[in-house]
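Since the structure of chain A is already known, use the hints to place chain B on it.
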Amino acid sequence: DTAVSQTPKYLVTQMGNDKSIKCEQNLGHDTMYWYKQDSKKFLKIMFSYNNKELIINETVPNRFSPKSPDKAHLNLHINSLELGDSAVYFCASSQKSSGKGSEAFFGQGTRLTVV
Amino acid sequence: GQNIDQPTEMTATEGAIVQINCTYQTSGFNGLFWYQQHAGEAPTFLSYNVLDGLEEKGRFSSFLSRSKGYSYLLLKELQMKDSASYLCAVSGGSYIPTFGRGTSLIVHP
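Protein chains in written order, with my numbering: chain A, 153 to 267; chain B, 784 to 892.
Treat the hints loosely; a few may be bogus.
Derived pair list, reagent style DSS-like, types lysine-lysine, alpha-carbon separation capped at 30 Å [as the list claims (entries may be wrong)]:
#1 A:193 / A:223
#2 B:859 / A:192
#3 A:193 / A:219
#4 A:196 / B:840
#5 A:171 / B:864
#6 B:864 / A:188
Under 8 Å between C-beta atoms, here's a sample of chain A residues computed to sit facing chain B [what the hints assert, rightly or not]:
#7 194
#8 198
#9 254
#10 259
Think of the hints as simulated: they come from the structure by calculation, not from any bench. Bear in mind that the values here come from a model prediction, so they are computed numbers and not experimental data. C-beta: ideal position from N, C-alpha, C; glycine also.
Looking at chain A on its own, in the form it has when it is part of the complex:
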C-alpha cells in the first residue's frame, strides 16, 4: 500500500486552464503539505495543513488553493495556470507538525507542464 499517493503523476495543460491535483495519505498523520520543486530542484513549501489550520507561504499566488475534505486528503487547486507554474508538485504528510515525528513522507510527485 502506498503511504502518500497523489494523482495524476503527469499533467500537461494549456495556459489559463484550471486544474486539480489529488493527494491521499493512509498513515493516519495529522499534518499534510504541498511543496513545489522547480527546474533547479529547489523544494519550496506552499501550504501546511494541520487540524483544519492552514498555514500559507505568503509567496504563493492566490490562484493556488488547498482543499481538505478530511484528515487523509489535501488536494491542490490551481486556477488560471501560467507557464511559470510548470514544476513538480509534491504532497507530503507528517505524524506531527513539529519535533520528532515531524519528518515528512512524500508522494511520488506530479509533474505539471503548462504549454
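Same frame as chain A, now just chain B:
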C-alpha cells in the same frame, strides 16, 4: 526569515566517506532534517537533529551544532546507489521546514 546554504555538488569514490555540510540562519529553531532524493523520485527522510551532537543510523550519521548554525551529513562506505541529491531542511519558529537547494552527490567507481 531563514537562509540555508549547502554545496551544490560533490563527488566521491565508492567505498569512501563523504561529509555534506549545511549552514543555516533562522529565527527560532525546531530541528534540522536531512533527506535523500534520487533523480525523478520523491525525497525520503534520512535523519532529524534537534539537540547538539551526532546521530548515527547505519552508514549515515548527522551532526548538529546549534550555536554555530551548522550541520553535516556523513556517509560511510559509499555505494553507487548513494548518488543522489541530499537536502538539508530547517524547521524554524513557524515549525514549517525550509529546504536548502540540495547537494548533488556523484559516487564514481
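Report task. Find the hints from earlier in the document that the structure breaks and name them by number, from lowest to highest. Result -> 5 and 8
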